[in-house]
Structures are given as C-alpha cells and as structure tokens.
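Undergrad: Sequence:
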Amino acid sequence: MRIALESEGWRVFESETLQRGLIEAGTRKPDLIILDLGLPDGDGLNYIQDLRQWSAIPIIVLSARNNEEDKVAALDAGADDYLSKPFGISELLARVRVALRRHSGASQESPLVNFADISVDLINRQVTRADENLHLTPIEFRLLAALLANAGKVITQRQLLNQVWGPNYVEHSHYLRIYMGHLRQKLEADPTRPKHLLTETGVGYRFIP
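Under this note's numbering, the first residue of the sequence shown carries the number 1019, and numbering increases by one thereafter.
Keep in mind that the hints were calculated from the coordinates and are not lab data.
Treat the hints loosely; a few may be bogus.
Label-pair distances were calculated between CB atoms; the ranges are [as the list claims (entries may be wrong)]:
no.	residue 1	residue 2	range
1	Trp1028	His1192	44 to 50 angstroms
2	Asp1059	Trp1028	24 to 30 angstroms
3	Glu1109	Glu1032	18 to 24 angstroms
4	Glu1109	Gln1144	36 to 42 angstroms
5	Arg1029	Glu1218	38 to 44 angstroms
6	Met1019	Asp1135	43 to 49 angstroms
7	Glu1109	Thr1219	44 to 50 angstroms
8	Thr1217	Pro1185	20 to 26 angstroms
Given the structure is predicted, the values throughout are model-derived calculations rather than measurements.
All C-beta atoms in this analysis are idealised placements derived from N, C-alpha and C, irrespective of residue type, glycine included.
With the hints as extra help, turn the sequences into a complete structure.
TA: Structure (structure tokens):
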C-alpha cells in the first residue's frame, strides 16, 4: 500500500500506536489519514473520536471488520470513508483522491486553544489556568473539546450528548447540565455568570473564546 501511495506522489508516514498517531497528526498536519481500527494501545474508534475533537483531517478506515455495525460506528465517530479488507489498491487510491478533493481548501485546525487565562492542549489532554494545571475528568475534557471545536456556534443538546456519551444517551439532557456546571466551576472566573461556556436556552450550548 505504501508503494502504491508513493507512486502517486504522496509522502507516507506511519504510526504504530493510537497515541503516536495523534501526536503525528498534530505535528505533521497530514492531508489525509488511513486508519486500521486494530491498534495495540486502543481501538481505532477512540482515535477517530479524539482526533475529531480538534481536527477535520479526512480519515479513511481500512479494517477487517466488515459488518454494518462496525462501519456505522466508525462513520458516526467521524470517519470519512470505510473500506473493508481485502480491498483493491485502485479502489483505495480512488477513495483517497475523492477524500482529498472534498477536503481541499479546508483550513488546518490548531491542537492548542487559548481563552481568557485558560490554555487547552487537545493532543495531550492538558488544561491549564494561569499556568496551573487543572484536572478534568475524561467526560469533562471530551465535552470541552466538543465545544471548542465548534467555537461561536450553537451546538444542540442532542449533538453534544451523541458526541460525548454516544447515541444511547441523546435523551439524557441532565448529564449536560451537571457536566457544564463542573466545567464552569473549573474554567469560568464567575461560574454564575459565564462568559465563555454559554447556555442557549431550550437549544444547547455555545463556546465563546
């Protein structure tokens, strides 16, 4: 596969683990990612979800998992395309070209986000306030990352619940109220009058830098 891609003029970099793949995506800023779901340090679905918190780099999944549920799960997590093994190299190259055309012109996102005295490192999952480390739970961080990825936009409660907790939780709006309260306590200067993590009554939430 590497030879076929390089013969088309593309430079190819390989990463063997989920964590290394995230770091490479943040530092090299590739035009496209080809992902196998079977990673030694985690499931490829987790990689997609983590990357989508801060980047829209196209992802094509190559996997031996060929049932419909696995394909839907990968696409819902944020993959752009899914190709089951075994596959033809010509088909892969065609899908790569389509994904690159679709993504051409899109700006690359930064894995570092700053607002007020808060700094968020989306790759290393670190949050600091006035240079002091803050502890966020995995759910709190995932919720914050989803808001940061859509800065200035209203995100509906269902969208956030689906993205952070999964499709089985889209009716559990009380989860959002609880965890938004946690984030405001940790990140807002005055949690009772938030300036960055805003509620859009009856709709959802909005992050304002």
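Undergrad: If a hint holds in the structure, say so; if it doesn't, say that too.
TA: Now for the hints, and whether the structure bears them out:
Hint check: Trp1028 to His1192, Cβ distance near 47 angstroms, so the stated range 44 to 50 angstroms holds. Checking the proposed 24 to 30 angstroms range against Asp1059 and Trp1028 shows it holds: the Cβ atoms sit about 26 angstroms from each other. Between Glu1109 and Glu1032 the CB atoms are about 21 angstroms apart, so this pair conforms to the stated range of 18 to 24 angstroms. A C-beta distance of roughly 40 angstroms is found between Glu1109 and Gln1144, which places it inside the suggested range of 36 to 42 angstroms.
Checked against the given bound of 38 to 44 angstroms, the beta carbons of Arg1029 and Glu1218, roughly 43 angstroms apart, stay inside it. In this structure the hint that Met1019 and Asp1135 lie 43 to 49 angstroms apart at CB holds, the actual value being about 46 angstroms. With their beta carbons about 48 angstroms apart, Glu1109 and Thr1219 fall inside the hinted range of 44 to 50 angstroms. As the Cβ distance of Thr1217 to Pro1185 is approximately 23 angstroms, the hint placing it in 20 to 26 angstroms holds.
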